[in-house]
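Protein sequence lines correspond, in order, to chains V and P. First residue of the first sequence: 1, per the working numbering; consecutive thereafter. First residue of the second sequence: 1001, per the working numbering; consecutive thereafter.
Calculated directly from the structure, the hints in this document are not laboratory data. Be aware that a few hints might be false.
[Said to hold, decoys possible] Derived lysine-lysine pairs resembling DSBU-like cross-links, with alpha carbons at most 35 angstroms apart:
#  : chain 1 : residue 1 : chain 2 : residue 2
1  : V       : Lys46     : V       : Lys66
2  : V       : Lys66     : P       : Lys1081
3  : V       : Lys35     : V       : Lys66
4  : P       : Lys1215   : P       : Lys1074
5  : V       : Lys255    : P       : Lys1215
6  : V       : Lys46     : V       : Lys35
7  : P       : Lys1081   : P       : Lys1288
8  : V       : Lys255    : P       : Lys1028
9  : P       : Lys1288   : P       : Lys1215
10 : P       : Lys1028   : P       : Lys1081
11 : P       : Lys1074   : P       : Lys1028
12 : V       : Lys262    : P       : Lys1288
13 : V       : Lys262    : P       : Lys1215
14 : P       : Lys1028   : P       : Lys1215
15 : V       : Lys46     : V       : Lys255
[Unchecked claim] Residues from chain V that face chain P, not an exhaustive set, calculated with beta carbons under 7 angstroms:
#  : residue
16 : Pro22
17 : Met23
18 : Met101
19 : Pro109
20 : Ile112
21 : Leu117
22 : Leu119
23 : Thr139
24 : Leu202
25 : Pro217
26 : Ser222
27 : Val224
Because the structure is a prediction, the values reported are computed rather than measured. Here a beta-carbon is modelled for each residue, glycine too, at the ideal position from N, C-alpha and C.
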Amino acid sequence: MKRMSWFNTVSLTLGFAFLYVPMLILVIYSFNASKLVTVWAGFSTKWYGELLQNEAFLNAAWVTIKVAVISSTIATVLGTMAAYVLVRGGRFMGRTLFSGMIYAPLVMPEVITGLSLLLLFIGLGLDRGVMTIVLAHTTFSMCYVSVVVSSRLVTFDRSLEEAALDLGCSPSEAFRLVTLPIIAPAVISGWLLAFTLSLDDLVIASFTSGPAATTLPIKIYSAVRLGVSPEINALSTLMIAVVTIGVITASLVNKRQMVRQKRDERAAERSA
Amino acid sequence: MMRRFTLIAVPYLWLLALFLVPFVIVLKISLSDVELARPPYAPHFDWATGIWAFLSELDFENFTWLAEDDLYWKAYLSSLKIAVVSTFFTLLVGYPMAYAMARAPQEWRATLMMLVILPFWTSFLIRVYAWMGILSNEGFLNQFLMWTGVISEPLTILNTNAAVYIGIVYTYLPFMILPIYAALERLDESLIEAAEDLGCSRLSAFWLVTIPLSKTGIIAGCFLVFIPVLGEFVIPSLLGGSDTLMIGKVLWEEFFSNRDWPVASAVAVVLLLLLIIPIVLFQRNQQKQQEAEQ
Chain V
1 MKRMSWFNTV SLTLGFAFLY VPMLILVIYS FNASKLVTVW AGFSTKWYGE
51 LLQNEAFLNA AWVTIKVAVI SSTIATVLGT MAAYVLVRGG RFMGRTLFSG
101 MIYAPLVMPE VITGLSLLLL FIGLGLDRGV MTIVLAHTTF SMCYVSVVVS
151 SRLVTFDRSL EEAALDLGCS PSEAFRLVTL PIIAPAVISG WLLAFTLSLD
201 DLVIASFTSG PAATTLPIKI YSAVRLGVSP EINALSTLMI AVVTIGVITA
251 SLVNKRQMVR QKRDERAAER SA
Chain P
1001 MMRRFTLIAV PYLWLLALFL VPFVIVLKIS LSDVELARPP YAPHFDWATG
1051 IWAFLSELDF ENFTWLAEDD LYWKAYLSSL KIAVVSTFFT LLVGYPMAYA
1101 MARAPQEWRA TLMMLVILPF WTSFLIRVYA WMGILSNEGF LNQFLMWTGV
1151 ISEPLTILNT NAAVYIGIVY TYLPFMILPI YAALERLDES LIEAAEDLGC
1201 SRLSAFWLVT IPLSKTGIIA GCFLVFIPVL GEFVIPSLLG GSDTLMIGKV
1251 LWEEFFSNRD WPVASAVAVV LLLLLIIPIV LFQRNQQKQQ EAEQ
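Please model the entire structure based on the sequences and the hints provided.
Following this line, the structure appears as structure tokens:
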């Protein structure tokens, strides 16, 4: 085994320190007893207690989760359909426009997407609230889902689907029994991506939400503009914890699945 | 046949209605006049009077307004400057990290990769917010520097452009690292050994072999940072000062504070035009990469 050079070790250490120290400070100071966020005054969990009693935050959190679950689910369905059409759909009228509309939202500045959707909703006379945020989030996250899913569809062996059709499956059975199980990991990571994008979004939600529906990022943003507060530190810590646990679990599950798949493949080779 | 039609039509219509049509509306409102009403604009285009009436009355009033007012010029230029400079710094920080990751022992790589991706899944807003406590006058950075005796007076960093640069490098670093890492990982190390055997110093082997072979990764990373930073709103608004001009912030204020929808729409249209060039270049780079892989 090769040892890493000192230069590489130093750049990795400094780089990861740069990425993680700010979040570490945030987490540590969420347990600070003092109201002054930069002076340590002993360990306390009181900000978590206050957070749980802050109804405005709890309401916003509920709205955010609702929006994220609904929009990411619709986005996963639409995005998977779009990916399937792009990879397997062959030629159809307006295909270039279609793929353009899939890729454009990925690079579109959020302020433009938000502004344009708001102007549409006002033009249609829609009341701004949970529904308009869901529509907005679905639109941009379906594009991410479709990119993730189509990268999986491109790499998998089409003859498997053809074999299923030859063996008497209807096209929908072939999709359900062959294609879907194979692309499932990509569909799930697409859903997760859409979910976190929706949880995270401030700009588009600010444009498309009304006074009736405030999401957590909007709430955090308006609190943070006034300065650093220990309550926000506590809230951030909770959110960081949820994401960290989620990502680590997902990667462990993924790893196990890959190990199992390898084992199955080897078994199949041996029996062949 | 019917099934295929539905499969295509549903996502297609969704994107038409919620992506393309809104842009047409933005374009239309950017050509309208401001009015003190709800909604606060008077359209020039009206289906009843038809396209000729629209064309004969068409003025690019809001765009002339943008061109004549210093504020907008300065905002576009300063966004461009901030995006270019911060992309450069992100590359400077990201390249050594990606390089070290690609040279790390095989069994560490998956973990290192996850450590780079993890912050990306964490809320953007929270990551920007974390720096507010670090960079403020009585923040951790100043406390630390004063404790070590490097400075005796706290530095003003928060609410300056320096804070904006730090925030951008921090939040966009994964976008730079991942494509470069992908390019470097594929790199055949025997090429570097060959260069060294043929008399290259390590530095010139790096410069003549490693850098050119990771070029597509560098270009992809730079665009992935540059394009979103150009329209960035959260970072300048939380870390920047009142003199930090970025076009995303201007658009936001034009819309929410001044309630000038036509000008906000015109600002958006111009920003989009500015973005077309880097987006096209990025696409071309990606295509080249795909062709090279095949």
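Right, here's what the structure says about each hint:
no.	hint	in the structure
1	Lys46/V / Lys66/V	holds, 27 angstroms
2	Lys66/V / Lys1081/P	violated, 39 angstroms
3	Lys35/V / Lys66/V	holds, 32 angstroms
4	Lys1215/P / Lys1074/P	holds, 32 angstroms
5	Lys255/V / Lys1215/P	holds, 31 angstroms
6	Lys46/V / Lys35/V	holds, 10 angstroms
7	Lys1081/P / Lys1288/P	holds, 28 angstroms
8	Lys255/V / Lys1028/P	violated, 51 angstroms
9	Lys1288/P / Lys1215/P	holds, 11 angstroms
10	Lys1028/P / Lys1081/P	holds, 30 angstroms
11	Lys1074/P / Lys1028/P	holds, 25 angstroms
12	Lys262/V / Lys1288/P	holds, 32 angstroms
13	Lys262/V / Lys1215/P	holds, 34 angstroms
14	Lys1028/P / Lys1215/P	violated, 41 angstroms
15	Lys46/V / Lys255/V	violated, 38 angstroms
16	Pro22	holds, 4 angstroms
17	Met23	holds, 6 angstroms
18	Met101	holds, 4 angstroms
19	Pro109	holds, 2 angstroms
20	Ile112	holds, 5 angstroms
21	Leu117	holds, 5 angstroms
22	Leu119	holds, 5 angstroms
23	Thr139	holds, 4 angstroms
24	Leu202	holds, 6 angstroms
25	Pro217	holds, 5 angstroms
26	Ser222	violated, 11 angstroms
27	Val224	holds, 5 angstroms
In this structure, the hints that do not hold are numbers 2, 8, 14, 15, 26, in rising order.
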